[in-house]
Every structure is written in structure tokens, then in C-alpha cells.
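Assembly of the complex is requested from the two constituent chains, each provided in isolation within its own frame, with the hints serving as guidance.
One-letter residues, chain by chain:
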Amino acid sequence: MSKDNQILEDLNSKEYEHGWSVNFETDEAPLGLNEDIIRWISTKKEEPTWLLEWRLKAFKIWQAMTEPEWANVHYPKMDLQALRYYSAPKQSKKPKNINEVDPELIAIYERLGISLNEQKRLQGIAIDVVLDSVSVATTFKETLGKLGIIFCSFSEAVKEHPELIQKYLGSVVPMTDNYYAALNAAVFSDGSFCYIPKGVRCPMELSTYFRINAANTGQFERTLIVADDSSYVSYLEGCTAPQRDENQLHAAVVEIYAGAHAEVKYSTVQNWFPGDKDGKGGIFNFVTKRGICAGDHSKISWTQVETGSAVTWKYPSCILKGDYSIGEFYSVAVTNNYQQADTGTKMIHIGKNTKSRIVSKGISAGKSQNSYRGQVQVMKRAHNARNFSQCDSLLMGDQCGAHTFPYIDIANSSAKVEHEATTSKIGEDQIFYCNQRGIATEDAVALIVNGYAKEVLNQLPMEFAVEAQKLLALTLEGSVG
Amino acid sequence: MLSIKNLHASIEGTPILRGINLEVKAGEVHAIMGPNGSGKSTLASVLAGREEYEVTEGQVLFQGKELLELSPEDRAREGVFLAFQYPIEIPGVSTTNFLRTALNQVREYRGLEPLDAVKFLSLMKEKMALVEIDQKLLSRSLNEGFSGGEKKRNEIFQMAMLEPVLSILDETDSGLDIDALRIVSNGVNKLKSEKTATIVVTHYQRLLDYIVPDFVHVLYKGRIVKSGTKELALELEEKGYDWIKEEVDSTATV
Ligand SMILES: Nc1ncnc2c1ncn2[C@@H]1O[C@H](COP(=O)(O)OP(=O)(O)OP(=O)(O)O)[C@@H](O)[C@H]1O
Ligand SMILES: [Mg+2]
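Respectively, the protein sequence lines represent chains E and G. Position one of the first sequence corresponds to residue 1 (my numbering), numbered consecutively onward. Position one of the second sequence corresponds to residue 1 (my numbering), numbered consecutively onward.
These are computed hints drawn from the structure, not numbers from a lab. Hints should not be assumed to be uniformly reliable.
Derived DEER-like restraints, expressed as beta-carbon distance ranges [unchecked claim]:
no., chain 1, residue 1, chain 2, residue 2, range
1, G, Arg110, E, Lys77, 51 to 59 angstroms
2, G, Arg107, E, Ala82, 48 to 56 angstroms
3, E, Asn458, G, Pro114, 19 to 27 angstroms
4, G, Lys136, E, Gly145, 41 to 49 angstroms
5, E, Lys470, G, Gly13, 38 to 46 angstroms
6, G, Glu246, E, Gln390, 51 to 59 angstroms
7, G, Pro114, E, Gly199, 42 to 50 angstroms
8, G, Ser147, E, Gln390, 22 to 30 angstroms
9, G, Trp243, E, Gly427, 39 to 47 angstroms
Just so it is clear, CB atoms sit at the ideal spot from N, CA and C, and this is done for glycine as well.
So that you can see chain G by itself, here it is in the shape it has in the complex (with noise of 0.2 angstroms):
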């Protein structure tokens, strides 16, 4: 379904990513974890096509089609759902008319009739319950003043609306309370299906023990450095990341 070839992209001239390579079949899980600063967001970033980044070598196929030359918004009308580490906000306009906008957007590029409000409604009601958020949370502002839980899960829920082929989660689990991770993991193991796919990226375990990974990457310094599978989360949570990065800084001087 993804297929990212040496991707190197790089901002304001600084390098950050230096040869990415993936590839993700539909029905997987894919967990990246990393440093801080190893690149991670970068990444979702870039597939999810934010345009303060160059892109400055490689190629990425999404179901077939060459991901970079679309617009951000046409990447997600094909399907990619990127769950921001760092949701923004968007004064005066209420989840519920943002997603409303987003949905009908999306359909009308898949050549769908859009909703009707009543439909639309019906909808929300149904995957309002699957991540148990409030509907009060939605007719507040987009994310203005959400506390930092609210946020991911108002995330989860609009991933949940659009229904997406290749959702990123950029550490959602950071700043849930225990209740709410499992709640959140669960409503996105319930939203997976054979051909969807998915990539978690986190610093814990313990997200894992809910959404199991069927690969584990760590990226450090713009590269994947080691692929394993959910045991190598096991050892990274043991040993951190010290013995890799050891190892990758000894061999790049050599």
C-alpha cells in the first residue's frame, strides 16, 4: 500500500530525513519509535505533505499512485489520516462543522453525494461512542483549550469520521490518562480492517500492548536504523536507545 524509497527531505537546507525506506501492506501495523528528534514527525509530516519541507531525493507510492506530486488535500482524500502530534486549534469553528466541511470534501473527490445533516449526525452519534467522547467537545472550538487528552481523542474521532486507508499516529498516546489510552487504542484497533494500514509512532511500550505492531522501526538521525518485531519494543523499553545508537554512530564514522 506504501512504499517509501530513500526519502531524504530536508528544511530551511538542513537535512533531516536521509534515506528513508518502508513499505507497509494493507492490514498492518507498523509502530517507529526513535530519540527525540530522530525524525519522526518529520516524517509523518512529509508523507502527509506540509510544505515548509523539501523533499530533496527519493519516491513514495500510496496504492500506486506517486504520493509527493499530490496536494496535501487530495493525499487525504486518497486516504492518508495523519493524527497530529500537536493537534492546532482553529478559534470560532466547531469540530462538528470542520469535520462536516472535511467529510464533504472527501466524498465529493471519491464522487460521493455529500452528507445530509441528518445522516451526518447519524454518523457522528456512531463514532462518537466508538472513542466515548463528548458531544459537548464537539461543538466547542476545534481544539481550543481541549486539555492535552481531549485533544488526541478528538484526533482518533475524526480519524474515526473519515475513515481513513493509511492512518499515521504521531504519539497519540502522549498526554493520555491510563482509562483514555485504552479507550483510544481501542477504538482504533476496531476502525483496522484488511485494507487498512496503519503506523504508530511512540516512545512507550505500553501503547503497544494495545495496538500490536506487526513491525517495529526505529529512526535515528533521518534513517531507519533497525526493523524488528514487537520484541524489539520490549528491548528498547529495557535498554533504551543507547547500544543503537552506539552502534550506527561507530559504523557511520568508519
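Isolated chain E, as found in the complex (with noise of 0.2 angstroms):
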């Protein structure tokens, strides 16, 4: 390669990093949404009866919703019988261990910085990865397995845990909840299955990352994260896919159980292609995720890095069943050129004495348009409920906008909820004071982003949270001077 293009090449790729595509030989369903394709997909993956009910009776639920209108975004509505609902690599033979997977799967996910091989990887990360509608290998399995962990591709966790599937599967988020869950309940493909037994501390972090490879295909995977009394996990979801000019559906649903003295974390740190500079392509991200704290003194804490997508509709929420129990929502939502993003929480007091906290970070640049939205209720018998709400936005230029809409809803007076919201302009002076230290206006920005950003960086882990910080910028890059 010359050196040109070499320059070239790294220039595009500051861009989006991660949109190459690879061709290799796949197993797909026709183009299309019908109760057919729906029975096609669970006759692939030998799915029981049981399941293939499930999905049809979500279909049916789903056939008589409209798609929600509400948020504050705007994008081409998507011609869901254009898409593909079902695309896998195609394997010989299914792999028992890693060491079986296809080497060229393998390759894909080295070129994104993500070692399957155990030996290589950092010690304390177990990964689960799926490719389109499938997971392709999960690491450490037979490590958890001694402490009675599962760790699992959701297809496999129907044929070999069916009994915890069929308790838990929908019972956080019901097929009836919204369109799009509805939509995936009737046509997700594979995600990641996990179950933490009681009194276990999980000894890793447990990850799931999603690509989107194929074209026209849309990716809907379901994740379901059970940690049974007094157990502790920590979970992390990455996801990229790549550049293409058509926009791309990406609708997952995220279903979480935390038992009495349970806690869990679950972080993602969301990459998606937001498309290009001028608005065209980039995915359309309508996930719905949800955790309930069942027991009493349990507790979820929610944090997402959100830099991708065209498009963004996402709330994860907590439950608070519990009494005593805990949520937490921690977010950064960076949106520049044309993305949208509508994204907030929902934290739900039911139980005595529970506790949510929100820490909102938008940033906004270019075109964009960034709106928080959460929502706070306080049930009837929720004595002494308490919430935290803090919203900052932060504008780059004055081309983009940022909203805020909070609600609260409250049927117990002795709730206490607060609420701060803020927005800022990265200064002049700020920058300036960074450039007469020698530091260049793009770590300038930089620098001052991840500052703002930091109390959810810091709920981040070590790795992750750089990572983070480097898409931050990235993300950023030319919104200023």
C-alpha cells in the first residue's frame, strides 16, 4: 500500500473504525416478516413447541401495535418486510469449544480488538459473541461452570436450561410491553443467557458483543441475566456494525432478575455506525431494557456510553420491587452530524425504602439532537421512597439541540425527589486555557468531554472505561474550531 493511501485509509477509519464487512458464506432466512419466517427461524435453532407458541402469540400482539411516535426523533419509517429477520454463518459443525470455531469468525472479532482466545485475553472477562442472529463462541464457560455460573448463547440455554427460561423468559419485559419488544419477542434470533446461583460473586466480568455484519438484516437479540439471592455480577455489552448506506434495525430486549441481597451491573458501551457526516445510513437502535429488583435489598445499576446509531430510543429501567432495594442510572449520550437520541430511564418504586439514583450526561454536537427522558414514579406503598436526578447537557455549537423531559409521578407523600438539570457550553476560555498548556483543540475538547462525563466513566470497568473515553473523542472529532 502506498503511503497516501495508507494516510487515507487511517483518515476514513477515524470515521468509524469498525465498518468493514466480511463476506463469507451464511445461512438466511427469505427476506420478509410472516408467521412462516417465524416458524422457519424456530425450526432452525430445533427450538421447542413451547417457544415457537411464545413467538406466535408475540406476533400476533405485535401485528395489531402501531409503531410509537413519542419520542423526539425523526427518521424514514423502516420497510420491516425489506429486512431479513434471520442471518448466521454458515459452520460445518457446531462448535463445542473455541477451539472449533471457525477461524475466519475468529478473525473478525481479532480485527475489532477482541481476543476469543482464552490464553490471550485479559484475565477477568468472559465473553459471549454474536454475530447477526447468532452467538458464535463463549469463553470461559467451563472456568463459571465449577461455581455453578451459566454462561450461555440464549439458544443453548433453551435446549439445556429450558426450566429457567421458561420462568424468567418475558417476565421483565412482556411481549406486550412495546412494538419493538413485541417485534423481537416474535423474531429474536440468539443473545446471551446467564444465571448467577445464590450466594455466588461472580469472579469476572461477563460480556456479550454484538455485531451486525450482513446487510438488510436486522439484529434482535435478547438478553436475560438472572442473579439469584445474595449473588453479585457484572456484565458489559459492546456492540458495532458496519457502515452501510441503508439504515439498520437493531432492536434487543434486556431482561434482568435480581434476587433478595443480589446485585448487578450491567454497563454497555454502545458503538453502533451512526451514519455518515451527512445523515445517510447508520442503525436505528429501539432497545428495550429493563431489570427488576425482586428481592428486598437488591439493586441494579444501569451505566451506558452511548456514541453510535442514527437513530437512538432506549430507556433502560429498574423495577423496585424489593424493599430496600436500589437502582441506578448512569449514561452519556454523545450525538453529532445528524443522530438522534432519545434516552433516559424509568425507575419504579414499589417497594419500602427504595432508592433510585440518575446521572444523565448529554453532549451535543453538529446537527444532532439529544433528549433525555426519564420518568420517576412512586407507587402507593412505596414508603420513603427516594430519588436523585442530576441531567447536565453540554452543547458544542449552536447547530444541535438538547431536551430534557422529565416526569414524576408520585402516590406516596413521603417520597423525596429531586431533581438538578444544567446545560453548558464547552468555553472559549476553557479551550484556550488548554491550548496555551500545548494542548491541541481536539484534546482540548476531548479532555473537557471526558471531565464532564467522568462520575459515569468511573462506573465504568478499568477496560471499558478507555475504550470509552477514546470513542468519546472520536465521536467528537471536528465538532469544534
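Written out as C-alpha cells, the structure reads:
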């Protein structure tokens, strides 16, 4: 490669580093969506009848629903009949462990900087990787198995642990919940399942890495995390997609169940392709994430760094059912160019002495629109519920928008709900101050933005925090000066 | 080292600097005094490259380079340091992290390897001792919630870390208590060498007892209207600026 080409490629990859795709043989469903397709998917996955019936029921419900329009986002309606609902890399035989996975697939992940080789991996993270519609590998299964921890693909869990799946599937996010959740229930193809038994503290971070590779394919994965009483797990989710001119749909569902005294930390660094500078292409990210603090003294904490996607529609929520349970939501959402994000959380206080904390940091640049939408609901018997919300917006330039929609709904007068909101701009004097110390403007912006988002970034596991910082800087490149 | 010739600058169309001439040689200390609003901070900002100010005329050479053609960050990397009259707050960014980014960018510009964490820390320790700054302050958000004196001390700490060629101290003495003034001044004196130069902007003779200037200039209405040695500062302390203003204003109206 000539030097110029090298430079050009570097520049290109700065825009969206993970925008490449790979051609390999796939097993695909025909385009479109109908009952037959759902049967096709279910057969392909050798599913039990109860699951097929569950899907078909969801499909009926979905058909009667209409796409929601209340979010502060505008996008061309997607033709859901023009999508493909299943695409999987063809593997000659089902790999039993990581050594049997097609090297070509492993190479894809190596290129994303994710090594599936257990020896090479950093200690302390087990990973399940999902490519388009299927899970291709899960690492450290045996190590975890010794502790009774189940960590595997959703499909495998359906086969190996049907009683757990039947018990928890749809228990936190019912298929009737919303348009995309119903669609997901009908067509979901794979995802991760994780079960932490009573009293077990998971010794490593569990992680799922989602990648959309195929064109015209929607990704509909489901993640189900069950933390039994007095257990602990920290879960990470990462995602990327190739750069394509057409929009692609990602409609996932994540369900978390926390028993008494259990704690689940769920962290996401979302880096789907955001579309190009002119707003062409990009992922539509319509995701339903919800956790239930079912037992007393349980805790669920969501941390998200949202940098990608053309349109994001996402409200990780906590149902605080157990007494003394705690819900937390920490979010950084960055939008640049023509990106739109409508994201926030719902904290539903049901139990007594429940607490929730919301820290949302929006950053908007370019012509993007960034909305925080949050709901704090205190039910009648939730005595002494406490909520603290902090919603900050940072604006870069004068063509972007930041919006805050807090909804507060209180049915118990002992509740204490605090809401603070600020809007600020990166000051020219801050940038000049950095410049005067020898720091270039781009780096100054990165420094200031990372400082602004620090409270949220501090919640992330170390390895993720570094990646997140880089992503923030990358997303905002060229937005000042 | 620094040669300012007929420098004119304005902000939003209002001329503030109206023909500054100044020669600073290596090893020298220059004090700039003058009434409020005369343009002292403006001069400092223009030298540092603040974009709000439009340079309408004149030339500045710094070590043979056209200073005005360099970006603010390149001026800093060439060795120009400005201790701000009003240091800026950057929430969530510690002084340590800020300086590490700054120092490594400066080093990269000068073709040096970045300092690893261990070397950086030992450099910090050395410079902390110089200005007697508390390590706790350095891990807090930069200037956020710092007292006036802490901000000023932190500026001089940054100067010590970045080892500039030309340091411009804009009213670094204001806000410092008596002991701090002595400590910070001693720090500045220790950083001086044959190869560096210092411009101190101040209102008070007191500072000049510690940082002894080779020359004192009076800035008034955007021009240097009087220059002298350190005795001029004593004279100003005693008589104020009125006599100079009268001199200037009477000749200006003729
Ligand atoms: N953004 C601005 N718009 C209009 N006038 C400005 C602006 N910034 C500075 N000035 C004016 O320029 C003049 C010079 O200001 P400068 O800060 O340089 O004074 P100074 O000599 O440093 O004063 P002090 O001793 O009070 O620090 C002042 O009259 C000030 O009001
Ligand atoms: Mg001033």
C-alpha cells in the first residue's frame, strides 16, 4: 500500500473504525416477516414447541400494534418487510468449544480488537460473541461452570436449561410491553443468558459483544440475566456494525432479575455505525432494557455510554419491587452530525425504602438532537422512596439541540424526589486555557468532555472506561474549531 | 528573545493596544504596570494567541519566529507560558491529568518521548516542592473551587512543570497571602536562567521586592508610555499614575 493510501485509510477509519464487513457463507431466512418466517427461524434453531408458540403469540400482538411516535426523533419509516430476520455464518459443524470455531469468524473479532483465545484474553472477562443472528462463541464456560454459573448463548440455554428460560423469559419485559419488544419476542434469534446461583459472586466480568455484519438484516437479540439471592455479577455489552448506506435495525431486549441481596451491574458501550456526516445510513437502535429488583435489598445499576447509532431510542429501567432495593442509571449520550438520541430511564418505586439515582450527561454537537427522557414513579405503598436525578447537557456549536423531559409521578407523600438539571457549553476560554498549555483543540475537547462525563465513566470497569473515553473523543472529532 | 514592534490589537472593533514596542532579552525580567483597563492582560492574551483579539498592525518575533503566525498551542510548545490573571476551571479534569496531557504534547512537539507515569510523578514531586503545593490540590478538578491564592499557586506550579522559555505572569501576586507571595516568588526566581525571560504584570511594588525586574514599563491606553528601572516602580508606588497620565494626555491633545 502506498503511503498516501495508508494515510487515507487511517483518516477513513477515524470516521467510523468498525465500518467494514466480511463476506462469508451464510445461512439466511428469506426476506420479509410473516408466520412462516417465524416458524422457519424456530425450526432452524430446533426449538421446543412452547417457544414457537410464545413467538407466534408475540407476533399476533405485534401485528395489532403501531410504531410509537412519542419520542423526540424523526426518521424515515423502515419497511420491515424488506428486512431479513435471520442470518448466520455457515459453520460445517457446531463448535463445542472455542478451538472449533471457524478461524474466519475468530479473525473478525480479532480485527475488532477482541481476542476469543482464552489464554490471550485479559484475565477477568468471559465473553459471548453474537454475529448477526447467532452466538458464535462463549469463553471461560468451564471456569464459570465450576461455580455453578451458567453463561451461554440464548439458544443453548433454551436447550440446556429450559426450566430457567421458561420461568424468566418475558417476566421483566413482557411481549406486550411495546412495539419493538413484541417484534423482538416474535423474531429474536440469539443473545446471551446468564445465571448466577445463590450466594455466588461472579469472579470475572461477563460480556456480550454484538456485531451486525450482513446487509439488510435486523439484529434482534435477547439477553437474560438472572442473579439469584445474594449473588453478584458485572455484565458488559459492546457493539459495532459495518458502515452501510441504508439504515439497519437493532431491536434488542435485555431482562435482568435480581433476587434478595443480589447486585447486577450492567454496562454498555454502544458504538453502532451512526451514519455518515450527511446523515446517510446508520443503525436504528430501538432497545428495551429493564431490570427488576425482585428481592429485598437488591440492586441493579445501568451504565451506558451511547456514542453510535443514527437514531437511539432506549430507556434502561428498574422496577424496585423489593424493600430497600436500589436502582441506578448512569448515562453519557453523545450525538454529532445528524444523530438523534432519545434516551433516559424509568425508576418505578414499589417497595418501601427504595432508592434510585439517575445521572445523565448529554453531549450534542453538529446538527444532532439529544433528548433525556426520564420517569420517576413512586407507587402508593413505597414509603420513604428516594430519588435523585441529575441531568446535564453540554452543547457544542449552535446547530444542535438538547432537551430534557423529566416525568415525576408520586402516589406516596413520604417520597423525596430531587431533580437537578444544567445546560452548558464548552467555553472558548477553557479551550484557550488548554491551548496555552500546549494542548491541541481536539485533545482539549476530549479532555473537557471526558471530565464532564467523569461521574459516569467512573462507573465503568477499567478496560471499558478507556475504550469509552477514546470513543467520546472520536465521536466529537472536528466538532469544534 | 522577544521583539514586539508597533503592535496594534482590537476587540470587537475597539482598539485596545495602540502601538506597543518592547524588546526582551534572554535572562531579563520585565515588569509591566499601569492603571486598570490600560491593556496589560490584552497584551498578554495577544502574545499567547487568544483569537478574540484581532491584531491589526505590527509584528512579534519570538526566538526569530513570527509569533503571531503560530497557533496558540504551538506558541506554548515553543515555550511561551501565560499565568492567567483569572485561571479557568475545568470540571472533572485533575491538574495532574491536565498537565500530563499538556507536557506530553509539548514534548512530542520538541521531538521528545512522552514521560511514563513513573517519570512524570517524580517530576511532579520535584516541582511540587518548588512551589510548596499540596498534592491533594492536584488531584482535584482543575481550579474548580480553588481559593484565589490556590489558583495562582497552581499556575506557577504548571509553569514549573512546563519549563517555558518566556513566562508572562499576569497579576500572579493578587490573591496570594504574604507567605504565599514569598514562596511563589522564590519558585519563579529558581526557575529563572540565562536562557529564559519573565514578564510580570503587577500593580504592586511588593512583588518586585522578590522578583527584581531589570526594566519597568508603564502601559497606558494601549501604549508603553514610560520605561525605567526598578526605581520607577518605587516612584509609582509613591506618586500613583496621575503624573504620567497628565504627561501623556497633554501631549496627546496637542
Ligand atoms: N471583550 C471585550 N469587549 C470590549 N472591551 C474589552 C473586552 N475585553 C477587554 N476589553 C477592554 O479592554 C481594555 C483593556 O483590558 P485589559 O484586561 O487588557 O486591562 P488590564 O490592563 O489588564 O487591566 P487590569 O489592571 O484591571 O487587569 C479594558 O478597557 C477592557 O474593558
Ligand atoms: Mg489585567
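Consistency of the hints with the structure:
{"no.": "1", "hint": "Arg110/G to Lys77/E: 51 to 59 angstroms", "result": "holds (56 angstroms)"}
{"no.": "2", "hint": "Arg107/G to Ala82/E: 48 to 56 angstroms", "result": "holds (54 angstroms)"}
{"no.": "3", "hint": "Asn458/E to Pro114/G: 19 to 27 angstroms", "result": "holds (24 angstroms)"}
{"no.": "4", "hint": "Lys136/G to Gly145/E: 41 to 49 angstroms", "result": "holds (47 angstroms)"}
{"no.": "5", "hint": "Lys470/E to Gly13/G: 38 to 46 angstroms", "result": "holds (42 angstroms)"}
{"no.": "6", "hint": "Glu246/G to Gln390/E: 51 to 59 angstroms", "result": "holds (57 angstroms)"}
{"no.": "7", "hint": "Pro114/G to Gly199/E: 42 to 50 angstroms", "result": "holds (46 angstroms)"}
{"no.": "8", "hint": "Ser147/G to Gln390/E: 22 to 30 angstroms", "result": "holds (26 angstroms)"}
{"no.": "9", "hint": "Trp243/G to Gly427/E: 39 to 47 angstroms", "result": "holds (40 angstroms)"}
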